[in-house]
Amino acid sequence: MKINVWGCRGSLPSPDPENYKYGGNTSCVQVIEGDTCIILDGGSGIQRLGKQLGPEIKEIHILLTHLHIDHTMGLGFFLPLYNPNVIVHLWGPSATVEPLLQRLRRYFSAPLFPVRLNELPRHPIIHEVDDSEFEIGGVKIRSTYVCHPGPTLGYRLSTGNSVFAYIPDHELSLGSPNFPNEPEWTSGYEIAKDADLLFHDAEYTAEEYATKIGWGHSSIEDAIEFARLCRVKKLALFHHDPMNSDLRLESMFQECTRNSKLDFEVELCAEGNTYDL
Amino acid sequence: MAAQPLELILGRQFGDSLSMPVFLVDPKGNLLFYNEPAEEILGLRFGETGSMKVEEWSTVFKPTDIDGNPLPPEGLPLVQTLGTQKPAHGSFYIDNLKGERVLITVTAFPIVGRPDRYLGAMAMFWKSPLV
Chain A
1 MKINVWGCRG SLPSPDPENY KYGGNTSCVQ VIEGDTCIIL DGGSGIQRLG KQLGPEIKEI
61 HILLTHLHID HTMGLGFFLP LYNPNVIVHL WGPSATVEPL LQRLRRYFSA PLFPVRLNEL
121 PRHPIIHEVD DSEFEIGGVK IRSTYVCHPG PTLGYRLSTG NSVFAYIPDH ELSLGSPNFP
181 NEPEWTSGYE IAKDADLLFH DAEYTAEEYA TKIGWGHSSI EDAIEFARLC RVKKLALFHH
241 DPMNSDLRLE SMFQECTRNS KLDFEVELCA EGNTYDL
Chain B
1 MAAQPLELIL GRQFGDSLSM PVFLVDPKGN LLFYNEPAEE ILGLRFGETG SMKVEEWSTV
61 FKPTDIDGNP LPPEGLPLVQ TLGTQKPAHG SFYIDNLKGE RVLITVTAFP IVGRPDRYLG
121 AMAMFWKSPL V
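Protein chains in written order, with the working numbering: chain A, 1 to 277; chain B, 1 to 131.
Honestly, the hints are just simulated from the structure, not real lab data. Among these hints, one or two may not hold up.
Unchecked claim - Simulated restraints, written as ranges between beta carbons of each label pair:
#, chain 1, residue 1, chain 2, residue 2, range
1, B, M1, A, K233, 20 to 26 Å
2, A, M243, B, E40, 42 to 48 Å
3, B, M1, A, K261, 51 to 57 Å
4, A, E184, B, G75, 49 to 55 Å
5, A, H89, B, S128, 21 to 27 Å
6, B, K98, A, R105, 56 to 62 Å
7, A, H89, B, E74, 42 to 48 Å
8, B, R101, A, S132, 45 to 51 Å
9, B, G43, A, S251, 35 to 41 Å
10, B, E74, A, G150, 34 to 40 Å
11, A, F77, B, E40, 55 to 61 Å
12, A, P17, B, E39, 56 to 62 Å
C-beta: ideal position from N, C-alpha, C; glycine also.
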């Protein structure tokens, strides 16, 4: 399983020169397993990914964690959607009342966007998932609702013995009364346990989080404790605050990990990173 | 141990935050959590009991009707909700483990997650004045 990062910024694209190292595009991660092409989220990073996909790619699966704008804003600029020779599947979370198709149409319609879904040369195939298990190509996928405003999924992708867990937007402390001590009562645990690689929300420092409770995101400290609880081998901190420059991200990282004794790898995720599992 | 669904995790957190007594059960009726105000009424600490099966928790408190006749488990609102997946409400006496007879009123409701997943039930109850 090969994983390419096309965007790991949170909330808002921030292509500022001082964000060059970690990147300014919002959530988009490509997972390649043999001929299978899976894309996690359709943030602004998916636009560049779409330009680079070769003509050999005939089928693409986009797995949306949720429909907040930073995870969907790139969809309308994803070139394969305009190529009649490519089948695009859109997977996303079920809601209580409104079908996923209807919720996606809000973006693909006026006043937000000039092209409607049914005007695309080939209508994407819509799949609703909740606490589900399914398979795409050779990749086994598990999805579970996680703690974030609105229906939001985490995804666990497995091939052979390799596991990649993706929970880009997740508020750990809000949903877990005794965090990080009880796996049974920790949102996202089933997605991340024993993963070889975890991408996890780490938008704030603990101090910043205290003023943003309920906004749906986690601190770096909580993300690290979650990774420890889940016994992951490597944690890539994801969903960087658009206000934070490269320098600020690195100083936050050093500050938050200075006193941590870690028996697993932790790093700041950067646009352009690749991982082989 | 498998993690609980998000809705039950948030339900526990919600119950943990309330000053009114709360029970949280899974679809099989296993008592997953009760909060501190519930501990006060029941005379039991959750930390000591942990989760309990329905056969255990529905009898441990010796529920009785107003005349002192034992109430079968299916007479309890929360057990009714587990059976019907509909809200239920009622009042009854319990003899708690402190040896006190307490009149409690209970409202139980099912927990149904997105898109239509039955995940268990929550009961909120409060101590009523003895009549």
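So which hints don't hold here, by number, going up? 3, 4, 5 and 9
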